[in-house]
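Student: Each chain is listed here by its residues.
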Amino acid sequence: MLSDITIGQFFPGDTFLHRLDPRTKLITLIFFMVAIFAFHTFGIYAALTLFTVILVFSSNVPMGMILRSIKPILWILLFTFVIHVFSTPGDSLFRLWRFDATLEGIERGTFISLRLILLIVLASLLTFTTSPLKLTDAMEALLSPLKRFGVPAHELAMMMTIALRFVPTLIEETDRIMKAQESRGADFSEGSIVARVRAVVPILVPLFLSAFRRADDLALAMEARCYHGGEGRTQMKALCFHRLDVIAFLFTAVFLTVLTILSLQP
Amino acid sequence: MAIELQNVSYTYMANTPMERQALSGISLEIQEGSFTAIAGHTGSGKSTLLQHLNGLIHPTNGHVLVDGVDLQPKKKAERRRAKAAAQQVGMVFQYPEQQLFEETVAKDIAFGPQNLGLSEEEIEGRVREAMELMHLDYATFKDVSPFALSGGQMRRVAIAGMLALRPKYLVLDEPTAGLDPRGRRELTETITRLHREEHVTILFVSHNMDDIVRLADRVVVLSKGRLLAYDTPRRVFQQDVLLEEAGLQPPEAFQLAACLREAGIEIPVDTMREEEVVSRVLELFRGRRG
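One line per chain: the protein sequences are A and B, in this order. If you read the first sequence in our numbering, its first letter stands for residue 265, the second for the next number, and so on. If you read the second sequence in our numbering, its first letter stands for residue 18, the second for the next number, and so on.
The hints are simulated quantities; they were obtained by calculation from the structure and are not laboratory data. Honestly, I wouldn't trust all of these hints.
Straight line, CA to CA, 30 angstroms or less: simulated DSBU-like cross-link-like pairs of lysine-lysine [to be verified]:
no., chain 1, residue 1, chain 2, residue 2
1, A, Lys443, B, Lys185
2, A, Lys501, A, Lys398
3, B, Lys159, A, Lys443
4, A, Lys398, A, Lys411
5, B, Lys93, A, Lys443
6, B, Lys92, A, Lys443
Could you build all of it, start to finish, from the sequences and the hints given here?
Tutor: Spelled out as structure tokens, the structure:
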């Protein structure tokens, strides 16, 4: 159960997706996400899907991991698909109680499901090929123009880094505490809802205590190294755009323009 | 009666890219009444092995039997029996004080017996008994918050929480880690007394080879998920090739004896304890003077 969480997992590698500047990846991802929502025709979806598949294969991320990233939304996919199949007006294929399944419904359902799958796969590709540290660096860099309007870009990025850093640690900790309480005869899988909620207390209290202790230690360690926020802080590995990034931006621009022109044609 | 491991293998995250074999083909039998140490480098599979002993995880291959009952029964009807057998094995994790959660010491220790569904009087009796076994005065500590105690005392409370379940076997993962020398000595004494007077079978993980020689009658040596040795500490620690493979250092007293031998002092090869070295040196010293 706990091992199903794939958020923040990173597969180190040396493919072009790994080498791209994280800012490039974030910006182009946003453009592609808008494109996925903006277009409606079959041909363009085929092109976008093909593009995603090529990216997946060139990323060297194990296929199993990609499939596992879709797993959590499987029920949502199924649900939206079924809703669309039965709620879209059109030629009736067959009748189930009071609802008609329509050909148009199947078409729309497939589109919506494909949309969701493409979104998840592209977003997962970003986190699979970008280390969390680089990702938050990119967020900070992209948000920093907003600093003038009082947006705490550095603080947000730092909070993000720390949160991501502690996800695996807290999962491990939860697992350990659960096992310790199980060894004392606690049972988390049986009993009424009230009993199950009460069974969580012996996990939550130690978990919070240790999280606070860790937070305290971390704050102390950061202050001991003279951390005082983002002002005047430089980076050891400063982000910098390369030729590859220029190519990626150009490619995205050309690709999306061609798709737009194609979709505008009757 | 014993805990038996029959050809136990365990793979983490099987059938994923992160697949990792933590134990492979481990067979051993831990007799009731023994005092067994488990030694091995970090990542040798010690913690994985321990978690098999009370059924927290089940082997990918092989069987774990406690007093002849398989902890992973094939039939549903045998599950109750397997659970009862697993409860014979008390598990004390590393830094067990981090699992405390109740408002008072007595309430925390009562958590285990409560889960067994015992009566109020029975629970109170067990809490009292467990606290006395861990050298915690019942009247003084029962209403104190466990978070107001010292590290060593908190650890005692946590171990008492396990003892209140009256396990026949007690498994401890590095019980003295992070304690000051005094807390370390006191806890070691308490554990030894549990073994000697209460006849609890003890299994403990330790990185301190001198502790192992002093306390254990058997030692399990693990390396990369394999069983390298299962014998008396005295015999195991004389095999330097084996220790090297396991990434372990022999006891300090043994190293000292080796140095003395090199310097020309006659001292037996199987000298393992500090006292043995001291008495041998004293003996030679007196002999020379006299």
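Student: Are the hints correct? Go through all of them and say.
Tutor: Status of the hints after comparison with the structure:
no. : hint                : in the structure
1   : Lys443/A x Lys185/B : 19 angstroms, holds
2   : Lys501/A x Lys398/A : 9 angstroms, holds
3   : Lys159/B x Lys443/A : 25 angstroms, holds
4   : Lys398/A x Lys411/A : 20 angstroms, holds
5   : Lys93/B x Lys443/A  : 22 angstroms, holds
6   : Lys92/B x Lys443/A  : 24 angstroms, holds
Violated hints for the displayed structure: none, as all numbered hints are satisfied.
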